[in-house]
Structures are given as structure tokens and as C-alpha cells.
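6 protein chains.
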Amino acid sequence: MSDTDLTQALKVIETLSTGTLTTQLLKRGLPSTFIAGVHPLNPDAPRFVGLAYTLRLIPKREDKMSPDTVTSPLYPQRHAVEDCPPGHVLVIDARGITETGTLGDILVARLQARGVAGVVTDGAMRDTGAMMNYSIPVFCGGRAARNSHVDHLATETQVPIACGGAAVFPGDVLFGDEDGVVVFPAGLAAELAADGARQERLETFLQRRVLDGAPIAGTYPPDADTLAAFEKWDKEN
Amino acid sequence: MSDTDLTQALKVIETLSTGTLTTQLLKRGLPSTFIAGVHPLNPDAPRFVGLAYTLRLIPKREDKMSPDTVTSPLYPQRHAVEDCPPGHVLVIDARGITETGTLGDILVARLQARGVAGVVTDGAMRDTGAMMNYSIPVFCGGRAARNSHVDHLATETQVPIACGGAAVFPGDVLFGDEDGVVVFPAGLAAELAADGARQERLETFLQRRVLDGAPIAGTYPPDADTLAAFEKWDKEN
Amino acid sequence: MSDTDLTQALKVIETLSTGTLTTQLLKRGLPSTFIAGVHPLNPDAPRFVGLAYTLRLIPKREDKMSPDTVTSPLYPQRHAVEDCPPGHVLVIDARGITETGTLGDILVARLQARGVAGVVTDGAMRDTGAMMNYSIPVFCGGRAARNSHVDHLATETQVPIACGGAAVFPGDVLFGDEDGVVVFPAGLAAELAADGARQERLETFLQRRVLDGAPIAGTYPPDADTLAAFEKWDKEN
Amino acid sequence: MSDTDLTQALKVIETLSTGTLTTQLLKRGLPSTFIAGVHPLNPDAPRFVGLAYTLRLIPKREDKMSPDTVTSPLYPQRHAVEDCPPGHVLVIDARGITETGTLGDILVARLQARGVAGVVTDGAMRDTGAMMNYSIPVFCGGRAARNSHVDHLATETQVPIACGGAAVFPGDVLFGDEDGVVVFPAGLAAELAADGARQERLETFLQRRVLDGAPIAGTYPPDADTLAAFEKWDKEN
Amino acid sequence: MSDTDLTQALKVIETLSTGTLTTQLLKRGLPSTFIAGVHPLNPDAPRFVGLAYTLRLIPKREDKMSPDTVTSPLYPQRHAVEDCPPGHVLVIDARGITETGTLGDILVARLQARGVAGVVTDGAMRDTGAMMNYSIPVFCGGRAARNSHVDHLATETQVPIACGGAAVFPGDVLFGDEDGVVVFPAGLAAELAADGARQERLETFLQRRVLDGAPIAGTYPPDADTLAAFEKWDKEN
Amino acid sequence: MSDTDLTQALKVIETLSTGTLTTQLLKRGLPSTFIAGVHPLNPDAPRFVGLAYTLRLIPKREDKMSPDTVTSPLYPQRHAVEDCPPGHVLVIDARGITETGTLGDILVARLQARGVAGVVTDGAMRDTGAMMNYSIPVFCGGRAARNSHVDHLATETQVPIACGGAAVFPGDVLFGDEDGVVVFPAGLAAELAADGARQERLETFLQRRVLDGAPIAGTYPPDADTLAAFEKWDKEN
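Protein chains in written order, with this note's numbering: chain P, 1 to 237; chain R, 1 to 237; chain H, 1 to 237; chain Z, 1 to 237; chain B, 1 to 237; chain G, 1 to 237.
Don't take every hint at face value.
If several chains are the same, the list does not tell them apart, and a pair holds so long as it fits within one copy or across any two.
In silico lysine-lysine, DSSO-like type, Cα no more than 27 Å apart, as pairs [as the list claims (entries may be wrong)]: (1) K60 - K27; (2) K11 - K64; (3) K64 - K27.
Hint data in this document are derived by calculation from the structure and do not stem from the laboratory.
If you're wondering where the values come from, they're calculated on a predicted model, not measured in any experiment.
So here's chain P without its partners, still in its complex pose (with noise of 0.2 Å):
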């Protein structure tokens, strides 16, 4: 897939649902794509999509932390911020510790600064008051002030990393809303636009007539009838 090409499926994908993007991945054997226990802070900008930048997190250990390694333009943590692409999402294996910040206010301003597309953490978040008005999108698994040097080590960027429960690759998709975030190959992005799409046209045209009065039976999955009837309402909208 071409840059273009992958662009353009990923605004399709910003505009869909991560319900809609996993019901596509499950019909393709990829049951394993949910960051599972990641919300939005920020609840009025919840969306977000692009390529994924991958920091990795371990438990700390005192003879390889200093004051002054752990706040080194060369630290993983600090890194990270200045390397995640404009555009890419920042996602960091925390190891599910929500009582641990992971990131403060002043990092985040820099990868909004960057064009960072978003962040995202199976961990917490630092000055959460400060970073809730921002308009970064930032996911994560709890509020914290707790300094990530009590708890954490950050060792390595863009490797392979778990986050909330799922494999996340660097330049991986990373597309989050109201539910949480999904995770997948980029080579799916254009086959998940167009069948996202699809599917989602066809839902919204399905739930009306669910709220219309339709029965389940017959629409939802829609039969020969209601397909039929999709397809036109399809064209002519």
C-alpha cells in the first residue's frame, strides 16, 4: 500500500467505530486486537488514528537509574517524545500499573507541539487536570502523581511491546474512541476502510429500522430482503 493509499484508509478509519474495526478483524482470524481497559481523558476529543511508536517499560532498578540518566534527552522516555513521528501515536507498555504516572503535562505538550497524533497507555497519566484541556488525544488506564522513576524503567522504543492485553508492532494502526483503543497490521488498513465503511453504512441503515420497530430476526444480520433494501437505500444516500 502506498503512503497515499494508507493515509486515505486511515481517515476512513478515524471516522468509523473500533466496534466496527474489531467485528472486521474477528471475520479475518484476528481476535487479539483490543487494548482492553484504556479510556480517553480527555471525553470531548476522544478519536485518534495513526502509525504506532512503541516505549517500553520494566520495573525499575536503582544501579541503572540516576537523576541524570532518567531525565537525559537520551532516556527511552524522554526520547521517544522527540523521535514519535508527526502523525504517529506514542504508545507505552506500562504493564497494566495505573498507580504510576507514565508521562507529565510538559512531555505531552511537546508531542502536541510535534503533531503527535495521540497517546496511549495501559498505565497512568500525570497532571491529568493540566492534560484533560489539551487537544492531543490521550488514552489511559488511570490518573496518577505518582513519579514514573518510582515504578518504572524505560528501557527500549520501537519494539515490540504489550499494551492493556494486546500485541502492539511498531507501525501498527492504532485507532481509538469512546470504547478504547484496537491495534492492527497496517497492510489491513485499506480493506478495513472499505468493509468498515460498508458495514458501518449498513448498521446506521439497520438501526433505524430497529428503532423503527424492526425485529432482530431478519435484520440484524439483515437477510436476502433487508440486504436488498440496504443496497438500495445505499445508492441513493
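Start from chain P and add chains R, H, Z, B and G according to the hints.
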């Protein structure tokens, strides 16, 4: 209790609070009536009351599930959506798994269209972006796009279930507000409505006294003087 | 530290953030000061500061509890509500159990009427529909209608307790904001206020630079040039 | 499959291992067949095989339980102990609660006297001091003296249940060894016995090679040469 | 109850089982008496009985702990080891944290030398390789080398505590066997000893009948005929 | 440190205990060195020491896994088994999931044949019936027959990992006994061996005194007189 009496009792109960109900139930030797960890998806419409219609999910088993069987109108999840009577509450045992959806927006739209009074699950809901705007109250343990079939197999409707650590029997009363959901035998509805309403009038009276500076001693619980003052106030209002 | 100095320090601290405080405490060798998993019930009024008044709950034991003893003004839960001094914060060790309430709306109304500065528990609150509109900040681990006595027995006030994984001693300072609650010895209040206020001015300055495009390197942490620029800016503002 | 064929298949399966069975089931598209966290109480007698007889426990509810009802021969827990056929395995859904007993030594003695092949629960067992010396294999998630009725209400026998994260249907085969318990449809028993027995002969052969110094590559999985050597060895033994 | 009577009652209780005790306590309205998840370190010597001497641990706080304070004979952990009376049981509230030790082999050796009857904690023990051969029964939630001070601060002895989900008051009776540990008020010891001993004689009788083929109905619970047969048997033995 | 010095230091360390090592590490400012929840499969052979060879598992992702890739000698799990040097310890990050196996008996047989010193994982082992009789020490968080590929994807060897809440770097020393496993930088081995050996001689001396009736005060920690007596005893032994 006649159906009319029950209906009238439920109307009263809907104006009370789950805190009042658990207190009344505890006085009757029923401490195990609170469904824990289940909260309203739509914070603007948190209340519902109705009789329980139950659905049980167990772990998935591939030999029992095909794309056809799990979308058939006979599949218990789908059957429940059509069979739950108007005014009843669909309550789903999802074994407390909040990483996976149990129902999505189309099935819940159908429940709303059919006049079902509410949905309760200790699992998650999918498509919550859409669902948050529905008028039907939805109480759940979380939000997640992961498809139901990835973790669950629906086996039965209208059997006793576990939900949020409480037992729910078909025909029990379910009542939900901001604190969560309380469940109790329908046969108690009339006395709970009467005694609960009195308790809330008393607590309204006591709370005013407290906010006016009355100490806990003599007020909560009320002594004879406070009770007498309440009885006078209660008659006048 | 005199009472006046402490009061003045707390006024400053209330304008800071828990993120700033945990950083200052970490620099002083105190990493274990964050009460995790405790968030404001009323999102519109999340801040408080005050000295800790503690209440300890242990598992219920039927032979120690009768309807009379647990509602007596001598019962530690009731005693705490009357005894916690105005301007102090009532903090309750509920062993992290979020399925059961620790206080309801009348007891919290009394705390508010008495001028108590806040309530913190790693357990749940009851009657949260009403309580969400109170002016007194309430931080808790959850919402639940289950009665306190179903799980808890209040045994003591004003002893050291555990709350959200942190130790809290009577007379410690508690400060809460959107991230949660930080706890520290009152003797540190003056220096934390001074150094924390400077840290926040610096971070405000750095964050503007970052939003204007400055990279992390040289900015966060600031190098000599950035610090000099800050000192100049700080004097001018 | 005739009863005789099934009996013969089960005899073979009992000589295999749960590791072999899960591998064979995974090859057939059945990855969800392992009951996790359930181990033999008596380390000297860990094996059993038999058809599942199920018992379901839900949270206690005081209005459904009196001292008489829960000790009546009609109470599902008691009924199961008399109704589970000889050679079958009683498997109990205890929602993974290991702090409370599900059966004590007298009920398990009755199961042993009746020729039941084993007992499995993801809950705890009581009276384990005595039970550890029984000949009937007992697999459980823990040991606890707390009475069943403090947490559980038995509602049904012979319905599909959850146990240790797996679905169990009445009539499924259950097979347990040191690793835990595997569950699968009885219709697969013959082919699992045949293919599993071959797999174990092959693995015995491979393990000897490995212990004699053979590398993983070419041995595990076996290449054509290794397979040929195995076939020769297998015929000779 | 005189000290002699209590001593005699405890001697009887030590011959019973925790299963019998929880049943007797449940009959007396005391269902909350089981310390869950706590098992004997030495499987060959699992029994003990004695009065509770309590020690409370809260989360560590660096400003309250120096190498000198935590090894001082005045530190509550050390004080407990010298102050727990011979024949009593040291029971430690470790908030269920099994990743960290609470006592090591030298402190437990001192307890043994002083004639203490047992040690119980819902936390872990250290140096368990050595400790497993001690004659003093040690019941704990796990084994771990991590030093107590990494997670815990000992604050008080002889206050009510939580242990394994149960309340323990100083002077309560603690009795442990293979199932775990039961706790109850000392004032009940005599009646529990008498009724418990009769229950065990009855259950021994019933179990023989069951192993000889008697059905549950009429036997467990015993009907009038079975009880009469028991009374006869009981007199003869 | 030369290889010979390291070897000699490790020989000494193997005779000590993990309790001694964590104490020595804590004195050096390294409290985060204990791998929690990991215990020996074979209770008769619990000790090992060696340098860490690491393997990292993340959640499965179907598009990265085929039956061929996960059994290829290039698959990191298989590669690790051939690549871990003799005398080293294979340590596996399984994210603490104890319901799924990480290695089975043939792969561990290969490790044993190759002279690997031990295996450690915070996940489970499969085929533990066979493995329990191996001479190679195996420390794990549980036993489970579920196939590794159902939950895990092996991604890398010889990177820093998390195991049981601790960080493990390739080349760190791992030492395991009955309490669990301790991990530390190899550069500290010589001093830990020397100081640890002295600590254990001292503790042996102190424990005898304690068992002979010495109180904690003056003995543990030792005062000047006790230390002098120890020095004398130490020279004589």
C-alpha cells in the same frame, strides 16, 4: 401482591435511592443484594426499575460456536433481546469480565424500541459512543470493543445468575441509581416502597437539621424528640 | 513551624498540583506518599488541603456489632464525624474495598456543616447521587450502596492507617487534585510550598516554551540558558 | 461412538498427559479447553478421567436459603452427590472463589463410595486434612474451612458451567493430571486417544534423543529423518 | 471462663478441625471467622491453638524508618517477638501482600524459644528453607525473601487487626489446621469445644456409614434413626 | 571482575540464601531485586545460581504466528533453548500469566542436556509431572497445560525484561532458593559473596544464641559484646 400493587410499588421505589433500599433489605436480613462495580453509561439518565430477565454467558467454546449459531435468532443472546418483556430489565452474567463487550448498539436499540426498562451487566458494553445517547438506562462494568464471541458463549435465559457478586433470579426487582444496582424479591416491593419512602422523608428531614448544625447524636439515628419533630413535619408536608 | 506558617504554607500548596508535590517529596527521599486509586466524586470541585484525621475499618465481626453499637455516637465511625476538627481531612482506611460504602450523605453533610476540609477513602461512598452536589470535596475509590456494616467494623480513630497503598499518620498533610491525593509530614509543608511554587512557575515557563516549539533537550530539565531565561521571566512576573 | 469405544478411549487418555491433550485439541481448533488454577489435593494420586456431571453455585441469597433447604437431599449440592453417576466426574462452578469450601469430607466420602471418578472445582475444598488421604482424586483451587453457604447458593445440576475459565458441558470428558484439568467433547475421545498416544510415543522417542544430545532443530518438531527413525523405533517397541 | 477451663477447652479444640469450628460458629451467627489464604509452611506440623497477640503493619514511610529504628527492640515488630506470651499466637496484619517477608528465621527462632504457640500472617515469610524445619507452626500467605522494610512499617501491637479478610482481636482464640486458620472470641471456647467434639464424633460415625454405602439422605444431616444409632455407638466408644 | 573470580563468587553465593542476598542488596541501595511469586517445581532441588539469559513473551497476535513459525528453530522461544549458554539461567517474561505454559518437558530436557543452570518464569510450566523429576531447577509461577501459543508470542532474547515484578538484564546474576529468586548485577557478586558469607556465619551464631534463650535485644542486631563473641567463635570455626 397484584400486578397493579407491584407496579405502584415500583413507581415509588424508582423515586428512592439504592442506599435506602439496601438499608431496608439489611433490616430484613438480606445483606447480599447489591450488584457491585456496575455504573450508568449515561450519567444524565441513571435511574431505572423493573423485573429481571436474565441471560447467562459462560466462557467461549469453539465447537459450540459458528458464525451462524451466534447470530441466529435462537442464540440466547439474540433471543433475550426479543424475549425480555417491555418494562423488564435485561441483566447479563458476564463473570465480571470488563475487557469484552456483551451487547452492541443495535441490540440495545432493539431493547429500547421494545420498551425494555434497562440493561445491567457486570461485563462491558460495545459501541458506547452511540449508546451513551440512548434513552434506555445501561449499567455496566466497563466499555470495550472486543466482540462478545471472543470470550463468551451465551447458554441460557431466565435462569438464576451471578451479577456483580449478587444472585439475580428471574422476576426479581432490579433498581439502579448513581451508586449502582440493588436486587430483591418482588414480593418485598410493597413494604420496601412504604418503609423506604418513609425512611427517605425522615432522612430528608434529618439532613436539613444536620446542614443547619444539628450533631449526629440525637439526630442520626433520631432520638424520641427528633422523631416527634419529624412526625409533625411529615404531617405538615 | 507555627500554626500560622503552616496555614500559609497549606494555602500555597492548595494552588499547586499533586504532581509537583510528589516530585518535591521524591527529591527529599520520600517516594511513598501517593494515595492511589482515589478520585474526586465531584469533578467540578476536586481540590482540598488539610491535616489528616484518621479512621480505621477492619473486617466486620458479628459479636462486636449490634444495630445499637454501630449507630451509637461512640462508634468510631460516628465519633470521627463529630471529632474531626474543622479544616482537617477525614481519611478512612477501607482496605481498598470498593464494593461497600463507608459513609453516606447524612454523615458527610455533618462533616460539611462542621467545616471539615475533605473526605478521603480507598473504599466507596454511598448516596453519591446526593453527595456529588456537596461543596465538601469527597475522594473515594468507588461508589456503592452496600451498607458499611456488611463488610466493615470501625475500630479506632487517630491511629496510623493505610490508604490507597500509602501510610497516613494523624496530623499529616493531605492534598488532593485531579490526579489523586498526596500525603506528607506537616513539618515539610513550608519548604514544599516554597520549592513547589518555584517548580510550578518554572514548569509554566517551560511548558510555554515547549508549546512554542522548544525541544525537550535543554528545556526539560532546563539547562543554564533556559534557567537564566526563567529567572529573568520570573522576576518580571 | 459406542459406550465401549468411549470407555476404551478414556482408558488410553488416562495414560497420556493434559499437555498432550491440549496440543491435540489446539490442532483441531479448540484452544479453550484448559481449566486453569485447579490442582490435585493429593499429590500422590493426581490422575482421573470421566464424563462431566456439573453443579452450579451462584452468590448466596438469604431469602432462598434456610438451614433446612441447604441440607435437604433436594438441594442441588446434595442432589449432585447422589446423582453423579459412577465413573463420572463432579465438576463445580464456584466462580473462582478460593476462600470458601464447596464440599467437605463426608460428601466427598459419599462420592468415593458411589464410585465417582473425581471431583473438580475452581473453588476450595473443606476438611482437606482428611480428604488428602482419600483415593478419589480431588482437584481444587484452594483449601478453606469457610462453609459453602457463607458465599454460595447451589442452583442447578447438569447445565453448562464455567470452571477455571473454561466452559464445561454435561457429558464432556474431563481429564486431570499434575498440570491441571482438560475438558473436551466426548465425540473427540477416540481420535484424541489415538493421535495423543502416537504423540506421546513420538515425544518419548524425541525426549530420549534430546537427553542424548540432539538439538531442537530437526528433532522438535521432527524432520523427515527423525520421523523415519521414530517409525522404525515405534514398530520395534 | 477460668484460665483452667479455657486451657482445657483449647486442648479439646486442638483435636478438632477448622471445618468443625466454622460450622459451630456459623450456627452461633458468626460466619466471619475464617482467615483465608493462609496455609502451614511445614506440612508435617500444621496444627496449633492459642490466644491472639496482634501486630499491625502499614505501608512503609521513609521519614518514619531508619536502619536503627527498624532494628530497635522498641520497634513494634521486634517488641512483638519478645512480648507475645508463651502459648499465645503471634498474628500479623500484612494487608495480604505475599511478595514481601514479614519475619525471618531468627525472629521466628526467638518465638519458638520463648514457647509461642504459632505464627500467622496473610503476608509472606522469609528464610523459609530454614523455617520449614522448625517445630513452631508457621502459617502464611506465601514465601518471599524481600525484606519487610521494603513494603511495611510496623506501627502497633495488641490492637484489632485484619488478617486474611477476618478481624482478629487481641485475646481471641486462633486455631489452625490444613484448611487454614479460624478465629473466635475466647468466651465461646468451652461451648465450641463441647459441641465441636460431639459434632466430630457424630461425623466420624456418619463418615463410616457413608463409606459403608449409606446415602446422604437420612445420614447427613442424620435423621432420628441415624441419630439414635449414633447415640448408642457414642456411648459404647 | 575476572571470570574466575565471578565463578568463585557464584559458588559461594549458591551456599547462602536469597534472604541474605536481599539484605546485602538493600544495604547497597538496591531494594528492587526480588522476583516474587516464583517457586521451585521440584521441592527437593531448589537451588541454582547463574547468569541471566532472557526471553520475552508478549500477547499472541495471529498474523505473526503460524504453526511453522512458532516451531521454527528461529522462533525466539526455540532459539533461546539452543542459545542460552551452559551454566546460565533462562529467565522468561510471561507477564505473570500462570494459566498458560511457557515451556514443556522436551524443551526443558534440551536445556538440561545443554548444561543450563536453571529456568525461571513468572508464567507457568507444562508437563510438570515429568519435569518435576528433572535435575535442572525449574522455578515458575504455576503449572498449566495450556499451550504457550494460545496466549504468548515470543519476540526477543537477550533484552531487559520484567519477571515477577523485578527487572532482569542479560548477564545479571540470578540465584534461587526456597523463598524465590533474587537478581543483581554481576559486578556485585564478589562483595555480596564475601559480605553475605560473613552475614550467614553471624546469623548462624546468633540463631544458636537465640535458640539457647538469648533475647532479641543485644543479639539481633548484635551489640558490641555479641559481636566480639561472634568474632572469637568465627575464628575458631
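Item to check | Hint numbers not upheld by this structure, sorted from lowest to highest | outcome: none
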